[in-house]
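J.: Given next are the chains, with one letter for each unit.
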Amino acid sequence: MSPRIVYIAFNTFREAVRDRVLYNLIAFALLLSGAAIFVGQISIDIERLVVVNLGLTAVSLFGIVIAIFIGIGLVSKEIEKRTLYTVLSRPVRRWEFIVGKFFGLAGTLVVNTFFMAIGVFGALLYVVHKFSKPDALILVALYFIVLEFLIICSLALLFSSFSSPLLSAVFAFSLFVIGSFADDLRGFAAMAHGLTRWVATGAAYLVPNFSALNVISAVAHQQPVSGQLILNNTLYAMFYTAMALSGAVLIFERRNLK
Amino acid sequence: MTATRRTTIISAACLAVSMSACILLLRHIDQIRPKATIEDVLYLNSPTTIKRASVGFDGLMACIYWTRTVQYFGHRHFDRAHTYNELAPLLEITTTLDPHMLPAYQFGASFLAPKPPAGAGEPVRAIHLMEYGIANNPNNWRLYYDLGFVYYTELKDYRNAAEVFERGSKVPDAHPFMKIMAAQMAAHAGDFETARMLWSATYDSSSEENIRQNAVEHLRAIRVDEDVTNLETLAKTFEERTGRTPSGIAELATAAHLRGIPVDPDGDAYQIAPDGRVLVHDPDDFPFITKGLPPGYKPGPPKFHAQR
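Top line first, the protein sequences correspond to chains A and B. For the first sequence, the numbering used here gives the first residue as 53, with consecutive numbering after it. For the second sequence, the numbering used here gives the first residue as 795, with consecutive numbering after it.
Note that these hints are calculated values from the structure, not bench results. The structure presented is a predicted model; accordingly, all values stated were derived computationally and were not measured. Heads up, a few of these hints could be off.
Below, in silico cross-link-like pairs of lysine to aspartate or glutamate (DMTMM-like), each with a Cα-Cα straight-line distance of 25 Å or less [what the hints assert, rightly or not]: (1) Lys133/A with Glu305/A; (2) Lys909/B with Asp967/B; (3) Lys185/A with Glu1002/B; (4) Lys909/B with Glu1003/B; (5) Lys845/B with Asp97/A; (6) Lys182/A with Asp998/B; (7) Lys909/B with Asp97/A; (8) Lys845/B with Asp236/A; (9) Lys1085/B with Asp1058/B.
Work the whole structure out from these sequences, hints included.
T.: Printed below as a string of structure tokens:
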């Protein structure tokens, strides 16, 4: 990887940390410890389920919110503050800027997820007292959540490369919601006829399929996740991210910054 | 005092006063409209809609709905309510959101099936819930056991109970007593001994504290029902022989050559009413008894006892 990309990525990470993004970990810790302690008193026999479901859902939602709200400002903020011109006046290509920004944000989210994962396992240990082998499946769910973040980051960057921050947030969040219903969209396409079928099928394949990346419920019930699914989801996330990043680069390369 | 310091003190005081006022007002509002928060209100009652609205996080949503179900049942049970209108819809939503959440079936059936005020008095809906649970978790023998239990205890439908126990006994890793239960249902379904066997099996096979405690209460109730039945038979024999009812439990014990004064599981002596019926000392101590209750008895809030 080009050292310029690494440098931009590192600065993006540093900027996110300076923006107190990691403060969300405090809210996360409070949420999880509260759930671990209180849920046993207000419910019956679902302490483990709650810790796993709540923990992984919170990791996912916190990360998506961070990915969208930081991702949409990555390009527009640099243009607004005019710092982009300083960067691009140096021997940095526009595509390197986009890719560097992506890796910086992805790195921030991975670090964030790492600390949250420690929190999830800590709360789980508090509730079950002893880890069992199927608890390792939580790592698979966390891995899928990170893959989700990569897709969302790249989409936020894509929208940020041509649109205003507000519209970019709306687009990215809408795609997250639609992507969560990707299976339904596919079902709808299968039931439609003629042109509607073609349009619906096209839309179903174009939007990111987040439902395939969501194994939280299965993992909470200690159901195994197949290696085939892990491999396919990894490849899918990589290709989708590459697709969105390529789109962002294509648009940004042609954008008039004067 | 500097202007900044004055502003800080005034705004801190304002904050504290406003916060206290909000809390006091909310408490007052709660008194004006009691139980207006979670009782009998389901803003969304379509499981499918709620599943879609959960945007893929249906596991967490199921946990929230299950907790709400427990709270709903707990509040109404404690108030000795006779209606549980939202219980079945809440359970349906919970199990649609997460068809593998076993506690929702196991506890849900024991909330739905018993007659009020112990439960919602909806054994048929409890059976539907359990059948849905079995369809989604066919290899869990406990669900068959709980379904057989509903047939046995609430509907006295021994044929179906036997059939369900038989089905459950064929599940891989099923507990060996499932086969015994199936046979027992066919031969001695109405006996105290069969009931005792079922509740003992429930106690022994569960690690869940609430289930074990419930089993203890039922085992205590079975002992009381059996004692009262036996003592009433003795009292009847006494009456046939002497032409009058026994004056007290001591006279009955002497006449029947019992080893001592018969006592209930709490150690309190049974009492004999002037009409010869046998009564327990404090019926509130035995929430599930069907015999030994004074006429017009209205049960109080449930009590729980230590494990046997």
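J.: Each hint needs a verdict: does it hold in this structure or not?
T.: Each hint tested on the structure:
no. : hint                     : result
1   : Lys133/A with Glu305/A   : 19 Å, holds
2   : Lys909/B with Asp967/B   : 33 Å, violated
3   : Lys185/A with Glu1002/B  : 22 Å, holds
4   : Lys909/B with Glu1003/B  : 22 Å, holds
5   : Lys845/B with Asp97/A    : 22 Å, holds
6   : Lys182/A with Asp998/B   : 23 Å, holds
7   : Lys909/B with Asp97/A    : 24 Å, holds
8   : Lys845/B with Asp236/A   : 12 Å, holds
9   : Lys1085/B with Asp1058/B : 12 Å, holds
Violation of the numbered hints given earlier is confined to hint 2; every other hint is satisfied by the structure.
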